[in-house]
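Given only the sequences and the hints, what does the whole structure look like? Please build it.
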Amino acid sequence: MKERMKRTGACLLAAVMVSVMVPDGWFFVRAEERADIGTESLEDFGTEPPEAWGVTPSPNQYRYQKEELAAFCHFGPNTYNEVEWGEHYGDSAPGEIFGLRDDFKADQMIRTLKNAGFKKLIITAKHHDGFCLWNSKWTDYNVAKAGYQDGEGDVLADISAACTKYDMDMGLYLSPWDIHEPSYGYYDAEGNSLCGSNGQPLNNKTWAEVEELDVLNYNDYYNNQLEEILSSEKYGNDGHFVEVWMDGAKGSGANAQNYEFQRWFETIQKYEGREAGFDDDCLLFGAEAYTTVRWIGNELGLANEETWSKSQVDYDENTIESNKSGTNGTTIGIPEGNKWT
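Note that the numbering used here has the sequence shown beginning at 209, numbered continuously upward.
Hint data in this document are derived by calculation from the structure and do not stem from the laboratory. From a predicted model like this one, the values you see are computed outputs, not experimental measurements. A couple of the hints might just be wrong.
Said to hold, decoys possible - With a straight-line Cα cutoff of 25 angstroms, these simulated DSS-like cross-link-like pairs (lysine-lysine) come out:
1. K327 with K442
2. K373 with K313
3. K458 with K413
4. K274 with K547
Written out as structure tokens, the structure is:
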């Protein structure tokens, strides 16, 4: 291929004719033929690539930007109830809030996205309402209990199979905030909350005491669901996800739950990162200091005229600063930030 490109370059230059309009008519200049054209490279002239200015994108971040188009599919109970967060489902059964029964056209959906030029699909496997688009063994708040395909169907598996067929990369959205799950928050054996409305321990207890008295561990629940999805060959494009969205949203009364982000990140990379044999770690959204994907501007689709792909992170404090001071509250980024995001 390289030799063919060299020969093609030589032929093209040899055949170039330049026409210039002069007072007395047209004047034609034929380019000089060079048999060796295309054999030189930057290295031949001693020209080195420029030094990188600070941090640079990782392989997955570079691919992310080159691919340009990713589809984000929000699908779940809210699709059928015209609400955004599903905070008012109460004790409604899955079949009462999730209307899908048969004939989910996953193949048509992914084929259409592929034909439109999309390179990746991010799917909300679990949004804030806690309903699972796969048949999670850790909860009965899922598509099986809702009656999809008589309790045998699995929407996440259907979408994954279609993504594998059309080689569409996949991203997984799994909300940490879970309105429905009983283990979310801190409760003693009698069901009494161990934290107040401000999200802080009651009765001057320390966080260590609260966690010791907590009957159900939500961090275990969330990690178990990560393991359940990411370790399975039936989920993802050929069993692989290139991106995981955590989402930092918390609604009323949801602050009384501390997330073990570091533990979750280790689980993700165990199955989807370098540890699993891939050339880069899985991209993370809403992951505090470990974030590798964030909004360009904001969730409304607005961006500042000036934007930078860097942020300032502090791993010791697990914080990220991306300079949210642009027009309409858009994120600008930080030119001299210490991490590419």
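Results of checking the hints against the structure:
At most 25 angstroms may separate the alpha-carbon atoms for a hinted pair to count; K327 and K442 meet this at roughly 20 angstroms. For the suggested pair K373 and K313, the alpha carbons sit about 14 angstroms apart, so the restraint of at most 25 angstroms is met. At roughly 23 angstroms between alpha-carbon atoms, K458 and K413 fall within 25 angstroms of each other, so this suggested pair holds. Straight-line distance between C-alpha atoms of K274 and K547 comes to about 19 angstroms, which keeps the hinted pair within the 25 angstroms bound.
The structure fails none of the hints (numbered hints given earlier).
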